[in-house]
Amino acid sequence: MPYDSAFLLRAYRTMKTIRIFEERCIKEFEAGNVPGFVHASNGQESIAVASCIDLSDTDIIGSTHRGHGHSIAKGCDVIGMMKEIMGKATGLCKGKGGSMHIADFDKGMIGANAIVGGGQPLCNGAALASKTLGTKDIAMSFGGDGSANQGTVLESLNFAVVLKLPHVFMFENNGYGEGTGANYALGCDSLADRNRAFGMPSEYVDGTDFFATYEVCKRAIAHARDGKGPFAIEAETVRFDGHFIGDPQLYRGKDEIKLAKKNRDCIKIFRDRVIKEGWLKAEEMDAIDTEVIALIETAVKEGLAAPNPDPETDLMADVYCSY
Amino acid sequence: MPYDSAFLLRAYRTMKTIRIFEERCIKEFEAGNVPGFVHASNGQESIAVASCIDLSDTDIIGSTHRGHGHSIAKGCDVIGMMKEIMGKATGLCKGKGGSMHIADFDKGMIGANAIVGGGQPLCNGAALASKTLGTKDIAMSFGGDGSANQGTVLESLNFAVVLKLPHVFMFENNGYGEGTGANYALGCDSLADRNRAFGMPSEYVDGTDFFATYEVCKRAIAHARDGKGPFAIEAETVRFDGHFIGDPQLYRGKDEIKLAKKNRDCIKIFRDRVIKEGWLKAEEMDAIDTEVIALIETAVKEGLAAPNPDPETDLMADVYCSY
Amino acid sequence: MTNKIKGPSSIKTYREAINDALRQEMRRDPRVIILGEEVSGGAGCEGQDDAYGGVFGVTKGLMPEFGRERVIDTPISESAIIGAAAGAANNGLRPVAELMFFDFIGVCFDQIFNQAAKFRYMFGGKSRTPMVIRGTVGAGWRAGAQHSSMLHPVVTHIPGLKVVMPSNAYDAKGLLIQAIRDDDPVLFLEHKIMYDLKCEVPDEAYAIPFGEAAFPREGTDVTIVAISNMVHRAIQAADELAKEGISCDVIDPRTVSPLDEESILESVEITGRLVIVDEAHERCSLAADISSIVAEKGFSSLRAPIRKVTAPHAPVPFSPVLEDAYVPSVERIIRAVKDVLGA
Amino acid sequence: MTNKIKGPSSIKTYREAINDALRQEMRRDPRVIILGEEVSGGAGCEGQDDAYGGVFGVTKGLMPEFGRERVIDTPISESAIIGAAAGAANNGLRPVAELMFFDFIGVCFDQIFNQAAKFRYMFGGKSRTPMVIRGTVGAGWRAGAQHSSMLHPVVTHIPGLKVVMPSNAYDAKGLLIQAIRDDDPVLFLEHKIMYDLKCEVPDEAYAIPFGEAAFPREGTDVTIVAISNMVHRAIQAADELAKEGISCDVIDPRTVSPLDEESILESVEITGRLVIVDEAHERCSLAADISSIVAEKGFSSLRAPIRKVTAPHAPVPFSPVLEDAYVPSVERIIRAVKDVLGA
Ligand SMILES: Cc1ncc(C[n+]2csc(CCOP(=O)(O)OP(=O)(O)O)c2C)c(N)n1
Ligand SMILES: Cc1ncc(C[n+]2csc(CCOP(=O)(O)OP(=O)(O)O)c2C)c(N)n1
Ligand SMILES: [Mg+2]
Ligand SMILES: [Mg+2]
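Residue numbers (the UniProt record's numbering), protein chains in the order written: chain P, 1 to 323; chain L, 1 to 323; chain E, 1 to 343; chain A, 1 to 343.
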């Protein structure tokens, strides 16, 4: 057995936590309990978990507008997250950030980012800190296929190579930037090839395959941690829901989502594989499902019950460290 | 004879005009007659001329801080240019632009640009105008090895591919961005390869060889004009002088410039070639030299004699087309 | 807010009025193109074309009429978008570029302030850059700190740019048509909270000149200058105050660069009192700007301190209770008016 | 402008004082790093290392002392530079990033105003971003429209940023040390015309707190607030006016965010008259900002219109005769002072 069962159970639990969290977010959004814009990452759980499962709390990730999965995979408290997404005072960011601005520095999660291409330059910085201080921590940035066309991201690739930064660039290619096809917006034939041309190792992987993705990430992380510089990964995946919750998704093909859910569900693929290989039993995973559902139920309950911030004291707090 | 002599004489005359213009700029700068920052392009003349010699006045070029050569090659009046560089009211831009902001819309020269990476997005726009209006004009942007790392340039490459714009991206690799080596700042092994990875034809050429450069440009321009989309060229070249006039150039190797002037002078290489091949006679070119020197002498004289702008009327003029 | 409308008209939303202006100008002038992310939507996808028509649906239906050649979906590359618009404007087109959220100027500001804004001046008056950048501004959508800014003070500071901020559908249509016909780069800022706001809008094309304020309420006690969505709160405040016998002169500059200084100064000459309402942060804001103009040119008329009612010096918070406290409220406007009246 | 200096000191240029501050803080704190284009120079070249030490020579000698690991030359990628600084600041370093010309914020503004400035607030007070961005501002170098802007109003507008604009070597050193030790993102704007300006500067490290103005001239007739290089013109004007018996109180806020409102208000309480001198364009400027603060909070003291002496609403022209007319002159300041005195 190439993976020990604790690892597999952890991977499964984390993916499932993301899935249930996202599904519940959608429900709570529709019920009017979640304000603003929410971008769910269900369908893409395998990448978040494969990327983060070997990272420590001092390794850094930088995320995107679609960041719930990365946060959960990096160890952020889902109850704190749910409260945050509901805008509550006891949320991870005291309700000031919301879904698009979750961060948890104690967990090495330096922020979702509502600006496409905002996070990659920052992860270069985290990697630079590690290199300068000699900590051996690495940084992993997440970005979508769409973000790969943002100049800030492109120049960050070169910058990371020049300064030999321990930074793994993870590009989740879910085929869409909002309602625009990656086929259209990426002028190149292969994003992995384009990234490689910047002078770093770069690999393509089927992101719906947890194990394949995990193995690439392992190599990439080792490369970065060993001081060999940055590494880029393009992981192909599927966005199960709209760009944002409420997106009518007119641009998607007939049956596209149905088929994807049937054939390209990374959690289903994981389950089938571990059962087929005899690595885990269905019951073990079913038990986790029950626990996860209960956990998210608690998160929602606590989220709904949590107090709102107080404009008197909170509106003007924390603009600066010192005044 | 693969090139007719009128063409060869024109190429020679234009390169020589640039050379003498730049050398004279340096002299006039040192004499205190040229204010501000001036970036001379001597050593790189072959690229400017090879790029522009086949372009019409309605084809567009966008240039850089090191833009005198491009302007001259595109047909801008050198007297108007000299006046502009001296800040005079009768300069090409009424003295408001200066060396780093010369433009001449009648000649399809839409501007030098003091922002590294400022011009490439604009040339996409010129190309888009041509495509939309169906004029068959092409746009050619100039940029240095340093500019290739600016996000605006990188995203413009992809943008041009996606919209299939008739835009030739010319990158003059003179080995330096100010006092930083291109080896250092470009993380990739080959800029031409990196550009190709964006999904457009891309070629490397020895930019000190006028003929090789001209042939690549011809192919690139034809490609763009035929509606096949953008094309990138990396032309290796030498900057004979400092980054700016007055730059002590401490970062350059011992004898580097001396050797370059000896072995990699694009005008010398051109002369030697056309004489060796029997395409032109030395005397023909010498006669041009005399004419060019006289022309630049006139430009300087007229420049020095030209009136300054009048703050009363000119300071607030032309901020807007309408108020 | 009654506009003298002659000829056929209909009730339109702010969104529809903008769409109408774009459509009429595109029909009239083949040089007008639209570009931006999702301005049509569905490019390179299996499903429907024109899937979005802009994420706020403002450009819906234009691609089907004018084709992908003139309604251009782009990669997520704002510098390339704005640069392409500016370069195209220099070369014969009249592009309307969309910044989905105006907050995204951060990744393309150079092309706006250093390029488009400066061409004409730098090049000695030899260029024209007839482009419009449409962008959504403002809080109220619970979109958080990076999608809710106003930022008009930043661009108003920059010479060479014109900045337009319509507060209603009628103005939106007329000002956008003017913006498209104008030969200078124009920033057309749409407050996202107003897209469903309706009023009567003429069917035919009309242009509203820049630099001419509107006067949604007339009065003699206090001048209130408000912009964009704040106009509606100012009107509400004025109507409340009217019940208490306080008469407010509400001025909507409509364009902030150029600014109709004269109308403001004339009003203050009568009222002697000024309150400025601006959803932007307070430092170096439009509110400060207008205050300083009056403190310089209308000082002798002033009978009370000039009050600014602005958003605080803090990013826009996500939590609805905080965001609601962040945006200047009708109550704060009323309080400010009473303050300057010493009431 | 006399600063009470105890202990050893020497005459230093503005450039040297900044270099001194960087060197002393880098010695004291290994977390301080410098990054930017040509901050050392010569990377990947055959010739000398530290070939530039910044194009203005400000960081000269630091790379030889601290190595390329802490004085980092970068590609021409300003978003990556500022992003790297911000990300590093979030993760244990105290970076000083250089924007060779502050005009280049156009290509990295997002990392400044949407990222670094907002982290602490968006993340509920859980982050610190102790970074400094040094940038050169201002006209006078005949560098043209894209290399001569001030732009401090743009960043002063943004909550979460601190903006520092020293007018002399003494302040430059003390304020830069404070900026490096400060836990918030600080924009440290150096007017390029002042690099060779000298004054007495203590040898030891010292920090000048933000938000405390300096008072280079004291007087009772008119308050003149001036910033950065304009302080010197204001002083010159004050000295000229003193000869005519007009007594000016010259205030140099030194930091514009935070701003020492109190000192300005106290001065106007005495003088009743205010002239503000700012090299930035006039619209939504710092001059407007200060004017509006006084028109709101110091109105009862005001005995005359508030005059702003600013650059015009035009890009910076290249031609020396135009550029000289563009920058606020001593004559214009004198005229403004006389105007507010009705003299
Ligand atoms: C600079 C910037 N431009 C545009 C947007 C609007 N926007 C938000 S998400 C998104 C699509 C991103 O696509 P991709 O990177 O593929 O990520 P995905 O949504 O597929 O996870 C866009 C255009 C933004 N937030 N920031
Ligand atoms: C955005 C921006 N960053 C930095 C600079 C300062 N600068 C001017 S020219 C230059 C070097 C450009 O190098 P390259 O593109 O190779 O052109 P070259 O000077 O060699 O012609 C730099 C860093 C600038 N003008 N604009
Ligand atoms: Mg995507
Ligand atoms: Mg170069």
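Honestly, I wouldn't trust all of these hints.
Derived DSS-like pairs (lysine-lysine); straight-line CA-CA distance at most 25 Å [stated by the list, open to error]:
#	chain 1	residue 1	chain 2	residue 2
1	P	Lys136	P	Lys301
2	A	Lys60	E	Lys297
3	A	Lys338	L	Lys254
4	L	Lys27	L	Lys218
5	L	Lys136	E	Lys126
6	A	Lys126	E	Lys297
7	L	Lys261	L	Lys281
8	E	Lys60	P	Lys254
9	P	Lys281	P	Lys27
10	L	Lys254	L	Lys218
11	E	Lys297	E	Lys243
12	L	Lys27	L	Lys268
13	P	Lys281	P	Lys261
14	P	Lys136	A	Lys297
15	E	Lys338	A	Lys297
16	P	Lys136	P	Lys164
17	P	Lys258	P	Lys268
18	L	Lys254	L	Lys268
19	E	Lys6	E	Lys198
20	P	Lys261	P	Lys27
21	L	Lys254	L	Lys228
Quick caveat, the hints were computed from the structure, so don't treat them as lab data.
Hint check, failures only
Hints 1, 2, 3, 4, 6, 9, 10, 11, 14 and 21 contradicted; others consistent.
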